[in-house]
Amino acid sequence: MGIPADVAKATNQTLARAWSVALDDHPDEPDGILYLSRLNGHTNLAVDGRAVARLRAVRIIKLIAA
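Residue 44 in the numbering used here sits at position 44 of the sequence shown, and the numbers go up by one each step.
Please note that the accuracy of each hint is not assured.
[Stated by the list, open to error] Label-pair restraints from in silico Cβ distances:
{"hint": "1", "residue 1": "D25", "residue 2": "L63", "range": "30 to 36 Å"}
{"hint": "2", "residue 1": "G32", "residue 2": "N12", "range": "19 to 25 Å"}
{"hint": "3", "residue 1": "L63", "residue 2": "L39", "range": "15 to 21 Å"}
{"hint": "4", "residue 1": "D25", "residue 2": "R56", "range": "22 to 28 Å"}
{"hint": "5", "residue 1": "L15", "residue 2": "V58", "range": "39 to 45 Å"}
{"hint": "6", "residue 1": "I64", "residue 2": "G32", "range": "21 to 27 Å"}
{"hint": "7", "residue 1": "S37", "residue 2": "R59", "range": "20 to 26 Å"}
{"hint": "8", "residue 1": "G49", "residue 2": "A10", "range": "31 to 37 Å"}
Honestly, the hints are just simulated from the structure, not real lab data.
All values reported here derive from a predicted model rather than from experimental measurement.
Every residue, glycine too, gets a C-beta built ideally from N, C-alpha and C.
Can you make the complete structure from the sequences, with help from the hints?
In structure tokens:
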């Protein structure tokens, strides 16, 4: 998509918020984006609010033993 690295990796979130608005207003209505974490390089998922209702759990696991 050509999104600059500063969108996900900058501490100033002005550019990221502008991209968020642009994606939200896009005529293709993307459900979200995948991007690399600025903290550890792992893949993150940002889900747009309009897509949340279509999410469903396919497998639930306990992350921390209580």
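Consistency of the hints with the structure:
1. D25 x L63: 30 to 36 Å: holds, 35 Å
2. G32 x N12: 19 to 25 Å: holds, 22 Å
3. L63 x L39: 15 to 21 Å: Once the Cβ atoms are compared, 18 Å apart, the range 15 to 21 Å for L39 and L63 holds.
4. D25 x R56: 22 to 28 Å: holds, 26 Å
5. L15 x V58: 39 to 45 Å: For L15 and V58 the Cβ distance comes to about 34 Å; the hint is violated.
6. I64 x G32: 21 to 27 Å: Hint holds: Cβ distance 26 Å, inside 21 to 27 Å.
7. S37 x R59: 20 to 26 Å: holds, 22 Å
8. G49 x A10: 31 to 37 Å: The hinted range 31 to 37 Å is violated for G49 and A10, with Cβ atoms some 23 Å apart.
Hints 5 and 8, counting from the list given before, are not met by this structure.
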